[in-house]
Amino acid sequence: MSAANPYASAERDPFAEAFVLGSERTVRELGQVAIEAIGHTNFNCPTCDGELLRLFRPGSSNERQQIFNPEDAADVLVPMLSGLDREHCVLLSLDTRHRLLTVSTVSIGSANHTFMSPREVFRDALRVGASAVMLGHNHPSGDPEPSRDDELVTQRLENAGDMLGIHVLDHIVVGDEGRWESLARRRDS
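Residue numbering for the sequence shown follows my numbering, starting at 213 and increasing by one per position.
Don't read these hints as lab results, they were simulated from the structure. Some hints here could point you the wrong way.
[To be verified] Have a look at the derived ranges for each label pair, beta carbon to beta carbon: (1) 327 to 399: 16 to 26 Å; (2) 281 to 357: 12 to 22 Å; (3) 332 to 311: 20 to 30 Å; (4) 322 to 364: 12 to 22 Å; (5) 275 to 371: 27 to 37 Å.
The structure presented is a predicted model; accordingly, all values stated were derived computationally and were not measured. Glycine is no exception: its CB is placed at the ideal position from the N, C-alpha and C atoms.
Please build the complete structure, drawing on both the sequences and the hints.
Here it is as C-alpha cells:
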C-alpha cells in the first residue's frame, strides 16, 4: 500500500482501498448513493468515506429498514449497483426480523465476473451476527438476466448458509435503467 494514498494504512481495511481504486465514481458519490438508497444519514465515518460504503451500518434497530421481499432489496441495491463498469457483489446482512444490519461490498470484479466465495460472502454476516442475507450483483452489460453461473453460485451460497445457520433469502441481479431480477422469485415460479 502506498503512503501517498490517503486510504492506505495498516489501520484501514484493504478492501476500502481496492474499492476506491476500482471505481469510476468517486467514493463520496458512492457513499451518497448508499445514504440515499438506505435513507439513513445519521452515521459517522471520520476517517474514510470508502469505509462507509465497504461496510455501512444503518443505525439502531428502530431506524433500520426491513427487507421483506425482492422489491425491498432492490430499493437498496439498484441505486448502488446501476451503471458500474465492472461487476460488484454487495451483501445485505439482516437480523432475525429481517432488519438491515449492514450493507457491505464483498467483491469488485471485471466486466463479466465477480468473485463470490462463501468465505468472502459470509465473513461480514458472521461478524455482525446476521440471521439472514440477501446478495446483489450487477451486470455491466445492462441485461439483468441471471447466467447459469449466477444460479450455480447462488445454490452454493445457499448450501453454505444452511451449514452456518444464515438463510440466503435471495440474490438480486441488477441491470441498467432500474431493471433487476430475483433468482429466488425465478426459482419459485
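Hint-by-hint comparison with the structure:
1. 327 to 399: 16 to 26 Å: holds (23 Å)
2. 281 to 357: 12 to 22 Å: holds (20 Å)
3. 332 to 311: 20 to 30 Å: The hinted range 20 to 30 Å holds for residue 332 and residue 311, with Cβ atoms some 23 Å apart.
4. 322 to 364: 12 to 22 Å: holds (18 Å)
5. 275 to 371: 27 to 37 Å: holds (33 Å)
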